[in-house]
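These protein sequences, in sequence, are chains A and B.
Each step along the first sequence adds one to the number in our numbering, with nothing skipped, and position 82 is 82.
In our numbering, each residue carries its 1-based index in the second sequence increased by 445.
Possibly wrong hints are sitting among the right ones.
Capping the alpha-carbon separation at 25 Å, the derived lysine to any residue pairs in SDA-like fashion look like this [what the hints assert, rightly or not]:
| id | chain 1 | residue 1 | chain 2 | residue 2 |
| --- | --- | --- | --- | --- |
| 1 | B | K598 | A | G286 |
| 2 | A | K27 | B | S706 |
| 3 | B | K472 | A | T339 |
| 4 | B | K472 | A | S338 |
| 5 | B | K598 | B | D667 |
| 6 | B | K472 | A | G29 |
| 7 | A | K27 | B | K472 |
| 8 | B | K472 | A | R154 |
| 9 | A | K27 | B | T708 |
| 10 | B | K598 | A | G29 |
Which bits of chain B does chain A cover? Going by a derived footprint, with three or more residues having C-beta under 8 Å, they are [unchecked claim]:
| id | segment |
| --- | --- |
| 11 | 450-459 |
| 12 | 522-535 |
Don't read these hints as lab results, they were simulated from the structure.
Remember, it's a predicted structure, so these values are computed and weren't measured experimentally.
Don't be surprised by glycine CBs; every beta carbon is placed ideally from N, CA and C.
Okay, here's what each chain looks like letter by letter:
Number of protein chains: 2
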Amino acid sequence: MIEYRNLRVALLGAGSVGAQVASLLQKHGDELAQRSGAGLELVGVAVRDVDAPRTADIPRDLLTTDAEGLIVGADIVIELMGGLEPARSYILKALSSGADVITANKALLATHGPELFEAAEQVGAQLYYEAAVAAAIPIIRPLRDSLAGDRIKRIMGIVNGTTNFILDRMDTSGDSLESALATATELGYAEADPTADIEGYDAAQKAAILASLAFHTTVPIDRVYREGITKVTAAQVDAARAAGYVVKLLAIAERVTDRESGTEGVSARVYPALVPRSHPLAAVHGAKNAVFIEAEAAGDLMFYGAGAGGIETASAVLGDLVSAARRHVIGGPGVAESTHADLPVFPISSVTTRYQISLRVVDQPGVLAAIATLFSEHSVSIETVEQSVVGPDPVTGETEGAPGATLVIGTHEASEADLSATVLAIDASGVVSSVTSVLRVEGSE
Amino acid sequence: MIEYRNLRVALLGAGSVGAQVASLLQKHGDELAQRSGAGLELVGVAVRDVDAPRTADIPRDLLTTDAEGLIVGADIVIELMGGLEPARSYILKALSSGADVITANKALLATHGPELFEAAEQVGAQLYYEAAVAAAIPIIRPLRDSLAGDRIKRIMGIVNGTTNFILDRMDTSGDSLESALATATELGYAEADPTADIEGYDAAQKAAILASLAFHTTVPIDRVYREGITKVTAAQVDAARAAGYVVKLLAIAERVTDRESGTEGVSARVYPALVPRSHPLAAVHGAKNAVFIEAEAAGDLMFYGAGAGGIETASAVLGDLVSAARRHVIGGPGVAESTHADLPVFPISSVTTRYQISLRVVDQPGVLAAIATLFSEHSVSIETVEQSVVGPDPVTGETEGAPGATLVIGTHEASEADLSATVLAIDASGVVSSVTSVLRVEGSE
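Model the full structure from these sequences, guided by the hints.
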């Protein structure tokens with residue numbers, strides 16, 4: 001029997017993830033000790049109310065409401081409370097006392113990441129957060145370590161399971177957004193208040209974390225452009241399918257060059273986009289997550305798996321726990337957060353993408369020429385035009401005002417600024433009845 | 446300008462990967478130094494002939510034939526020569542002098558891994574080998590670190606690009622194996638002597654490495670069961686497609702329980718198998734690689750990307766280089782190879798899988814009953830039977846001997862031993878004209 005040094009592990013929070021961490025730690029303690037080279041002693045679990053009913057099998061005497069007392073003397077603190085405060089204060093307290101900290105708190109990292117990393121670096125402690133993005137899918141370590149010798153060009157992630165479930169459901173069943181959301185709620189894929197998911201806030205936090213890590217640059221959450229899925233219609237999803245696309249909510253982190261200044265910078269953004277059916281991200285169904293990475297040398301990579309769930313997230317937390325324990329055994333300071341590149345973070349207007357725009361027009365001579373002129377005047381180059389003469393609008397299903405036609409225009413890469421100006425000009429021109437859909441196209445065939 | 450400590454990097458080999466490593470190291474040296482916290486000085490490149498023509502832009506005065514001299518005094522040695530010797534001796538020499546070693550040499554690791562890891566551990570050095578499996582796809586670090594807190598149940602990898610290209614080509618074009626191999630050779634996906642790829646030797650080496658890592662157990666290459674793709678016919682691929690499957694060469698590492706003794710152990714094996722079209726591995730096309738992992742807590746994960754190529758593999762090597770440099774800066778011993786579980790490695794006869802067996806029979810009463818009895822006598826349980834009466838054999842295309850029928854029998858999980866005995870008994874029974882195809886089925890729908 002090998003005698004290990006014992007490390008004191010404090011757990012803050014006993015929700016769905018915390019309960020699983022406590023349970024797995026007890027169940028596989030010996031195995032984890034062998035892998036870590038250190039015993040992992042769960043010294044306490046801080047909760048709001050020790051008498052609250054809980055499904056997890058946590059020994060009653062480990063529960064405490066005194067989080068601060070628990071942190072003192074812990075070698076490793078696992079923060080799974082969520083929210084900004086008191087999580088932030090607790091983590092700062094733990095780091096300042098030299099403990100390594102493991103967190104799954106994406107909101108906190110996206111908001112106060114630099115402060116926390118700075119605090120860790122000052123005492124040579126380490127902040128681990130594999131569970132904060134895409135739960136069980138290893139993505140933080142691959143970006144920080146495996147791809148450390150490469151240059152990331154772009155990351156496109158399906159990092160929110162709720163919205164992927166909803167969009168996938170709309171795609172496979174033809175459901176409306178409302179109906180797909182109701183199903184997601186019923187099956188437990190959406191929370192009672194789904195705002196953070198469907199408005200893209202959750203995905204934006206993850207985009208900030210991924211962009212910071214990939215580009216060695218601090219990307220604050222308020223610099224992430226964000227559109228949720230609430231405006232996505234069943235008709236758009238149907239039209240996308242017919243055209244060989246699928247609508248996915250993407251978190252994108254991209255190395256971009258500003259067209260005017262030539263400056264290199266970073267764009268982080270979240271929006272529903274058309275993805276070609278042949279792209280690996282198109283095959284990510286249900287509540288699954290996937291992160292697609294385009295790197296200069298490595299080429300295209302994809303990481304796929306469960307993006308949520310108590311036990312799945314606990315897997316990532318325990319992986320971090322083994323890493324933290326190994327570091328304690330080996331000694332030496334943690335790896336500091338790398339922000340050396342310090343690239344400027346560009347607004348959405350600097351980004352160029354392809355677009356697909358659907359217009360409802362009156363079917364009369366000269367309309368296409370007039371529209372093409374408006375695109376050309378705003379430097380947006382048209383790649384494809386499809387016109388369906390007469391009949392209901394393929395996007396809205398509307399048949400009023402016929403005889404009319406629908407034009408679906410695909411553009412080459414154009415800047416957001418130019419595209420917005422084009423759409424405004426078209427709207428104001430009186431040439432079209434309505435602009436029925438504007439969606440970006442991401443990912444090559 | 447930050448002054449970094451300088452680390453001396455020696456490169457052994459300047460083939461397609463080595464040349465890219467040298468080139469990227471020169472191109473992105475400053476960036477890599479910032480990420481590593483140390484300058485990375487390429488002090489020399491050992492080659493067989495300094496005057497040989499080479500495409501890489503390596504300064505002439507870095508080239509040397511004196512590998513041993515180069516190793517002396519290097520902080521980090523990158524071995525990209527391939528082959529067992531002298532690569533093994535050079536790596537042992539480097540480790541014994543305290544240098545960290547990075548290698549992409551899967552044959553060497555699968556054959557002499559334990560000796561090399563032992564040598565590293567004795568001096569506290571580290572052996573990095575992210576590039577040895579699936580090139581640019583981060584898989585070693587995710588298994589060793591990210592999933593260190595989880596229990597791996599099974600790994601199924603498409604880890605050989607050549608055979609995946611060939612099987613994908615057969616699937617999409619209906620080509621014969623010979624024709625698809627010819628195309629692969631023409632396009633540079635297969636080597637002049639494709640034996641290592643098509644006979645599964647390359648995949649078997651990777652299976653040994655993955656199994657060792659995932660199960661904390663030394664799995665020697667000679668304990669890996671191996672079948673190549675040379676017996677896969679166009680008719681089998683067509684029949685698979687018709688039945689909703691695709692044929693893939695899989696490297697499988699699995700935690701198994703021996704049915705008789707109840708002992709837990711490991712199985713590592715390589716063979717062409719039927720994979721349901723709905724499985725994520727079925728969508729891995731061309732020469733791409735992917736590793737699918739089933740973990741107890743994390744659930745299903747998949748890692749996808751380029752499994753070969755000079756620059757892609759160089760990405761993994763440089764990731765290891767940054768890790769090695771960070772370790773030199775931080776100090777402390779490397780993470781030792783973990784073989785604590787030391788599980789028994791079971792032969793293929795202990796493995797249970799599902800099977801699909803195609804039989805050519807004379808269409809007369811009682812045949813199915815006779816065959817079903819033979820299955821039952823050998824404890825193999827039938828899940829599905831499909832009979833196509835009269836007409837050409839769907840697998841061989843053969844029409845002679847008609848009127849006949851083809852039976853396609855899908856089994857529940859059965860042991861290799863029982864299945865082999867069943868097939869032998871059927872062959873000997875005189876009830877069937879021929880057993881036209883026996884393929885294992887892997888991966889759930």
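Tested hints:
With a C-alpha separation of about 23 Å, the suggested pair K598(B) and G286(A) falls inside the 25 Å cut-off, and the hint holds. Distance hint between K27(A) and S706(B) is fulfilled; the C-alpha atoms sit about 24 Å from each other, no more than 25 Å. Restraint check for K472(B) and T339(A): satisfied, since their Cα atoms lie roughly 20 Å apart, inside the 25 Å limit. Note on K472(B) and S338(A): the hinted pairing holds, with a Cα-Cα distance of about 20 Å set against a maximum of 25 Å.
For the proposed pair K598(B) and D667(B), the alpha carbon gap of about 22 Å is at most 25 Å, so the pair holds. Our distance criterion of 25 Å between C-alpha atoms is broken by K472(B) and G29(A), whose separation comes to about 46 Å. Simply put, K27(A) and K472(B) have alpha-carbon atoms about 49 Å apart, too far for the 25 Å limit, and the pair is violated. Between K472(B) and R154(A) the alpha-carbon distance is near 20 Å, which keeps this suggested pair within the 25 Å criterion.
Note on K27(A) and T708(B): the hinted pairing holds, with a Cα-Cα distance of about 20 Å set against a maximum of 25 Å. Only pairs whose Cα atoms come within 25 Å are accepted, and K598(B) paired with G29(A) is accepted, the gap being roughly 18 Å. Only residues whose beta carbon comes within less than 8 Å of a beta carbon in chain A count, and the segment 450-459 of chain B has 0; fewer than three means the coverage is violated. Under the rule that three or more residues need a Cβ within less than 8 Å of chain A, the assignment of the segment 522-535 of chain B is violated, with 0 such residues.
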